[in-house]
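Visitor: Using the hints provided, position chain P relative to the given structure of chain D.
Each chain is listed here by its residues.
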Amino acid sequence: MRVTLDQDKCCGAGTCVLSAPDVFDQDDDGIAILLDPTPPAHLAAGVRDAATRCPAAAIRLEAE
Amino acid sequence: MTTTPRHVVIAGASAAGLTAAETLRREGYNGHLTLIGDEPHLPYDRPPLSKQVLAGIWPPTRTALRSPDDHTRLDADLLLGRRATALHPSRRIIEVDYGEHIEYDALIIATGVTPRHLPQGHDLTGVHVLRTLDDAHRLRTHLLQRPRLAVVGAGFTGAEVAATACGLGLDVTLICRGPAPLAERLGGDIAHLVGQLHTDHGVRLRTGVGATSLVASHGRVAGLTLTDGTLVEADAVVVAIGSTPATDWLRTSGLDITDGVACDAYCQAAPGIYAAGDVARWHHPQLDAPIRLEHRTNATDQAITAARNLLGAHEPYAPVPYFWTDQYDTKIQAHGICTPGAQITVVHGDPAQRSFVALYSHDGRVTGALGWNSPRELRPYRELVAHPTPSEHATATGGP
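The listed protein sequences derive, respectively, from chains D and P. If you count the first sequence from 1, position 51 lands on 51 in the numbering used here, and the numbers rise without skipping. If you count the second sequence from 1, position 397 lands on 397 in the numbering used here, and the numbers rise without skipping.
Okay, chain P solo, but in the shape it has when bound:
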């Protein structure tokens, strides 16, 4: 923008929304700032929900991203427990529930994602999703009753919930549509190691099957049927089959919301409108393709760029994607893109010893680097992903 806005509204008060607000202030914006969050809680961190919070190692309050003092210093109007319901870009008005209309000069959309549901059965007692602090509280309360647990979906959330529940001593079945947990994220060879990790700890892993329907008994879930016709008995079911961008409220806005809010390389969706975090699909300038990332670090990094660009910085957003997952005593971390179909080369350690670094390459270019219980060893390889070199060079010299 050429003129400094007087009122910036941020829809979404989780990691991306909060970071955008803090970045605006740090960059010198001292106008009116409003953050709208549909949950009643002060901004909190989601990754611990499936791990420390569900395990009971942390009290829920420990997930708070900032202290009350920090929020005072931020000097923003925090509308919590309020939902954005519509957007009128031509008039620069955002509608919030209870009929409130808020005028803005610039808007950052950071409304995140919503867990996908099975076609039916979510009204049954004992059926859970895990996205919010309240979801985590409900699930933990249920797990303390020691139910037989079935987890549908073996992405990050499903695999972590299975690991945590297993750690609590529960009987756990993990239902995985692909050949192994996280197969779409890590490729088959590495994903099979994740599968082994679960079976080694006593989780019943069902691969190559999905859920067809939930089985009810007197209003409670009693199990589920799978695509191969078998029945899994369970007293608690966690449905973790992915998420969809929270863009329902933008349906009449005129913005392109095909798989998230479409943005250019500068995180801009329309004049005066930016998006960041899980909800944003933007044109990655180096990949030269639109992508959307549901990674924790992306929420922060993209919010920083979106906020700076809102104030006129004009910086393309070209991050090296990063994710991590903690399951049992294993930490898996990855920089870049570790898609199936890549050639995988172990450059450090040994998969048999459950400590290694692997590079993913396509057509001789390194696209991703994954560390398995090797955080220190992995870090230097990030540079290789950020500035790809032919993979022969990387492996021949033993890497950076």
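Extracted from the complex, chain D is given alone in its bound form:
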């Protein structure tokens, strides 16, 4: 799985950090940070959840 994050769209809700704390963090302004653009398989469910729940549709997933 390959993850891309559009920081310009991010609204700083932090939903992604709750869903996949090993893959996302937030900077001081709350903007999401992508820690791992190719997360291991065991984190995939959380990352998919983060992408679905992101209230700004800022996370995109591509299967590798």
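If you are wondering where the hints come from, they were derived from the structure by calculation, not from laboratory data. For each residue, glycine too, the CB sits at the ideal point set by N, CA and C. Hints may be right or wrong, so weigh each one.
[Stated by the list, open to error] Facing chain D, a subset of chain P residues (Cβ under 10 Å, in silico):
#	residue
1	15
2	26
3	48
4	61
5	62
6	65
7	294
8	297
9	300
10	301
11	304
12	375
13	376
14	379
Guide: Just chain P now, with coordinates in the frame of chain D:
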């Protein structure tokens, strides 16, 4: 449902409808899927309309929720620019405009809300509401002519439109029925800070008054009169006085549509019928009360649960409500319920510095947490709202 449906119809193709469709596919549903949306556009996101789109920072296309490839992969019949007009639950038929009857095995209602209008005057040139991409385009086109703008209503939409228009350098009057903008959402003390934010930027804030009528001149709006008898001159008026659930099409369905589609704790309205998003009023199992939320995150979260339950998951929907608003350079975010009447305790930062986290509590229980320009600092407090503890504990230990 005990048997997998062959045809799922989703009425509404915005955030909730789209999320429901994607969740069904992710959960393994591979039957026929139909999405009906009354707007001509592919599913798009609404929160940017009053901000990035109205300001001209984003082209409207940037609000698209998914790419054309994503829609191809979803493999759904997308009926756009089509309106659901009636529902017959006993025959499992949804009527769509132009007389089309569509049979379904299961239905998700996600038709959202419609902006409320003033009793009259919406036919005048220069009177706007803001709900759709087309509304945003019309309003932006008008704002580029640099009108004097009056915004009626100081909820999320009204306050954000005022902030954006002010950022464009316009002369803005914000008309607020309560004591301050967002007072019903944030409580008076915090709402007064929002009011200050607007006046600091030069917005004329009129509080404790509503609009009585729009004033016309040669078919155009020229201003409006207020409940205190005063006149506000304006060349453009945005009416942002709340919304009503888009349930007109369900009037003869037999469903309970008192303030939205009534659902149980599982987002189910009737056998084979679920609802999600702004239009759904459901029984929140933890609050033990029916609630309806017009928040962006609720559209997504509730659609996920509704879709999973349609496929048999039987999960109660008990979210921690979340909303945010961006006005000027300020981001306000809240988890839980931050109603007026709560005791408000600042647990981080300082309101005077315009950066803080505040907890809302009732009877010693924390019900909400609000962050003002403090997204990182706020996040840990969500847990406190999800699993409330006595607020003395939270404040005594400095929180999580």
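Visitor: Indicate, hint by hint, whether the structure satisfies it.
Guide: How the hints compare with the structure:
no., hint, in the structure
1, 15, "holds, 8 Å"
2, 26, "holds, 7 Å"
3, 48, "holds, 8 Å"
4, 61, "violated, 13 Å"
5, 62, "holds, 8 Å"
6, 65, "holds, 5 Å"
7, 294, "violated, 13 Å"
8, 297, "holds, 5 Å"
9, 300, "holds, 5 Å"
10, 301, "holds, 6 Å"
11, 304, "holds, 7 Å"
12, 375, "holds, 2 Å"
13, 376, "holds, 5 Å"
14, 379, "holds, 5 Å"
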